[in-house]
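Trainee: As a plain string of letters, each chain reads:
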Amino acid sequence: MVLPSPPVVPADANDDPVATVHAIATQSFVAGGTDIFRGRGRSALDLLGLPIGLAIICALLFAWVGSQELDSIEQRLLATDKLVLAFSRHLVLAFVSTVLVILIAVPIGILLTRPGARAITPPVIALANMGQAIPSIGVLVLLALVWSFGFWPSIIALVAYSALPVLRNTMVGLQQVDAFVIEAGRGMGMTKRSVLRKIELPLAVPVILAGIRTALVINVGTATLATFVNAGGLGDIINGGLVTNRQTVTIVGSVVTASLALFIDHLGGVAESRLSPKGI
Amino acid sequence: MSTTTATTPAGSTSSASKVDPMIRLQDLSKVFAGQARPAVDHLDMDIPAGEIIVLVGPSGCGKTTTMRLINRLIEPTSGRIILEGEDVTRVDPDKLRRRIGYVIQQVGLFPHQTISDNIATVPRMLGWDEKRIRARTDELLAMVGLDPATYRGRYPKHLSGGQRQRAGVARALSADPPVMLMDEPFGAIDPITRDRLQNEFLRLQETIRKTIIFVTHDIDEAIKMGDRIAILGEGSKIAQYDTPERILTAPADDFVADFIGSGASLKRLNLTRVRDIELSDWPIARVDSARDEVLALLRASDKGAVLLLDEGRRPARWVSGRELQRDDQPLTEIGLPPEALVQPNATLADALNEMLKSRYGCATVVDAAGVYQGNVDFATVSAAIQEMRRDARDRSRTEADEAHAARTAQS
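Chains as they are written, first to last, in this note's numbering: chain A, 1 to 280; chain B, 1 to 411.
Just chain B, with the same shape it has in the complex:
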């Protein structure tokens, strides 16, 4: 299958395609009783270790069925599933599932068990001792951003939708499975919380490096979350299996192009993270600097305001020239408090969104501890977009050249 020979995503080595995949689906089919058409039709797919693979497609295309074939909640009609080099098509499905984390949109926490008992489900089945289970539960709660002391003894009904899904993710990670299946995990959560959970999950994935099969119907979520995206058509036929960037810049066919929809270049803003671009230079000063010094800095730059940092280099105050000229108040009390703060793993779309809301048209990048990293403004974003366009153009030109060279070589 030509479309499965994907290029590796930017930043990762090309070894992924050479080493054995974490999961290999071989000629996998599922025909449900009473249905003429197969839900999954002879699917071949390699899933490399440590990446988020997003299965995306229109509803009814069989993406959830495909995912559930992997942990055999649905038994395949034919074909093989190979996990870590081992054929698991015939092994005990219950034991298989204990090696695979499972997160669903509805979360499905056990309502009569506390959060920590929920998380302890798989470790208890695996026979861990209680001390180890308790330590692991607390570790996971902290990892997903739920304070263990507060939440370990609570029941699911006391948690908000977002908190429940955090607990759901913790439960899926409990026995440290190499593979996680996630079926629209953030689909039932309000947009603001969803955005935050997506970002936090991506940050978590940077440390846990699980192989994740992530199902969604939302192409924007696919682009944001996926290291690779498999766009599926009817019968789970792979229309394109590639990095988000390649899918946006070089859709394989009209089906993929239609599915991405309009505004592909705007969507690409979701691909680039703030840490990947060059931040722009805004005047900064310590909050205890002399007023004249700050004013001089501002005059020397072409920007409209100076960002004051506190002793920990955290943004403290935005001050403009007019505000600096009035010297009746200390620097810490004039101007605006810091606004539009984004973290380095925020996408350009996030940053742009913050920027539009801010007074000076500028989003401030801070690290997890709140320490100032730089600023993003319209000029930065615009430069990044132009660079992306140039890259895409270069690439398609190279491809055209290669194709042309191949044709001439043949003739």
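Chain A on its own, in the form it takes in the complex:
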């Protein structure tokens, strides 16, 4: 194992990806993401440094694999079309689950911060907490047993697991809007709806985006588990290497997953600073 392995993302499925990803998630949780992305005057190095580094790592990886004598099992597992399929499937799993999380958790977060929703806030938060507390692998296997194998059970497990950061950040983002700014808007005759749309939501955007970014990274990491309910993804490669005891295959799967997660997190950071309103 001579390859530099990025430290923060699970190196393989046996390394308890859930715990590791959760650790990253809580770091940037609510706090508003990583600080280096907050500044507007980001240098080209900040913007391109990580993607270039990841590209170099992947190039080295493939050069190293190309120099190996691969047996038939390794050749089958690392076939280009199989890699491309696993990779694209992984992306689809992560993105579809994140889009669903946004569609579900942001509106609920908005509703829960409206006056009058005080009574239903604790049970909803408790539910979201449960979703995050129960390990995804458990949810996946249970869903597979009582419902079916494949894509949609995986999506549901991912959504349940990653809804909390988006819900919480939406609520925190809206609650931290200065009450006097809202009062000024209402006092000038803005309707409640237009105060929400033109003041509260824009001002909450940075925090909500940080939550979405966290959810996306969680989903990229957790989607490796989808292989166990036959939903594909990069977990296929990692697990394939493990069950056939082919280290080269496991390393390829892990490094590609790790690079993807880091790259997605980086994109999330760029989006956060681009989409945050000016002036705050």
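None of these hints come from the bench; they were simulated from the model. Here the structure is a predicted model, which is why all the values come from computation and not from measurement. The C-beta atom is built at its ideal place from N, Cα and C for all residues, glycine as well. Among the hints, a few may not be true.
[What the hints assert, rightly or not] Derived DEER-like restraints, expressed as beta-carbon distance ranges: (1) A/Ala-117 to B/Asp-253: 27 to 33 Å; (2) B/Thr-150 to A/Ser-88: 35 to 41 Å; (3) A/Val-84 to B/Thr-150: 52 to 58 Å; (4) B/Gly-127 to A/Ser-88: 47 to 53 Å; (5) B/Val-91 to A/Val-92: 49 to 55 Å; (6) A/Ala-126 to B/Lys-157: 57 to 63 Å; (7) A/Gly-138 to B/Lys-157: 42 to 48 Å; (8) B/Gly-370 to A/Gly-116: 57 to 63 Å; (9) B/Thr-150 to A/Ala-126: 29 to 35 Å.
[To be verified] Here are some chain A residues pointing at chain B (derived, C-beta under 7 Å): (10) Phe-149; (11) Gly-150; (12) Ala-184; (13) Met-188; (14) Gly-189.
[Claimed, not checked] Simulated coverage check for chain B against chain A, where a stretch passes if three residues somewhere in it have a Cβ under 8 Å from a Cβ of chain A: (15) 185-199; (16) 276-285.
On the provided structure of chain A, position chain B as indicated by the hints.
Mentor: Chain B in isolation, oriented as in the chain A frame:
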């Protein structure tokens, strides 16, 4: 309610009490859920057009609640609010608020919008076209003393506290509402800036003539800003509703007297403006006059220095006799630069303050363009105070006479 029959402030006509008030509060009450005592208890009040009405009282007396009842940010429990003759107690509150400017202590500028977008909030809701909005925004920025070219594109975080409140006032004025509600607008600003903002706002009000409900807990600010002051007790009960002068000279009861506190006569210095008193005569000369001429002027007067004016009649130099006798330097380079400059709308308290700091015990009055108007010195202020005292004494004597006459007529 006897205390609401106020005398009109000096200088304005007595028509204010005859024409319909801009705002009339009728039997207005507010009881908050879970509170036994009403925050506002059966309040009746008429607010005449074009005046600054200050609601002042101890904290918790319900003055802010009263103000917020007017634009219905707080809905009244009972009673009616009449704006420009129209009962607005039941109209759409959002539409009502677009007719009423609203300024709060915390300003509440929208941090993600530029200053001009902030100011454009209400005009956009009212559907003005962008060209008109842009012209109005620039006009307002200039009006509140923020250079439009510099500030229109800035975000609130780039502004100081004082500048933010200027922008806040501009935003409240944007759609030219007849009424403005101001809740301690200068309360969070440092004393020096606050003084300047108060003065500028009073000058602005001379041109815009809005009906302003101004809430403060500071009696000095109330006296300075108010055309009329309503001193409120618990439950927003009006203890006295009158001109600042009457409140200082004839407090209605012990509560009002206590609230004004000691030094009422010193506070009265805040009531009189420099332009209202007779300025004193100090020797003045043009800065290009002959030295002997200036010296002669000084000898002819009882003052210690001559004020030299430049070609635009702006104060240029203070020179004393000793300095004039040394003839090695031109007049423009001897003596002191002009100091203690005040404008005609400064109060006597402001002028006195400047005077105490100045070398010759004299504040120089200049107009907005810096042109010399006259001087204020201790003798001027002292004369003004004596006159005020005499007025107050005369007035209370007349009142006592009237009361006596009424009693004798009854018996």
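Trainee: Evaluate each hint against the coordinates.
Mentor: Status of each hint after checking the structure:
{"no.": "1", "hint": "A/Ala-117 to B/Asp-253: 27 to 33 Å", "result": "violated, 48 Å"}
{"no.": "2", "hint": "B/Thr-150 to A/Ser-88: 35 to 41 Å", "result": "violated, 52 Å"}
{"no.": "3", "hint": "A/Val-84 to B/Thr-150: 52 to 58 Å", "result": "holds, 56 Å"}
{"no.": "4", "hint": "B/Gly-127 to A/Ser-88: 47 to 53 Å", "result": "holds, 49 Å"}
{"no.": "5", "hint": "B/Val-91 to A/Val-92: 49 to 55 Å", "result": "holds, 53 Å"}
{"no.": "6", "hint": "A/Ala-126 to B/Lys-157: 57 to 63 Å", "result": "violated, 37 Å"}
{"no.": "7", "hint": "A/Gly-138 to B/Lys-157: 42 to 48 Å", "result": "holds, 47 Å"}
{"no.": "8", "hint": "B/Gly-370 to A/Gly-116: 57 to 63 Å", "result": "holds, 59 Å"}
{"no.": "9", "hint": "B/Thr-150 to A/Ala-126: 29 to 35 Å", "result": "violated, 52 Å"}
{"no.": "10", "hint": "Phe-149", "result": "violated, 47 Å"}
{"no.": "11", "hint": "Gly-150", "result": "violated, 43 Å"}
{"no.": "12", "hint": "Ala-184", "result": "holds, 3 Å"}
{"no.": "13", "hint": "Met-188", "result": "holds, 5 Å"}
{"no.": "14", "hint": "Gly-189", "result": "holds, 4 Å"}
{"no.": "15", "hint": "185-199", "result": "violated (count 0)"}
{"no.": "16", "hint": "276-285", "result": "violated (count 0)"}
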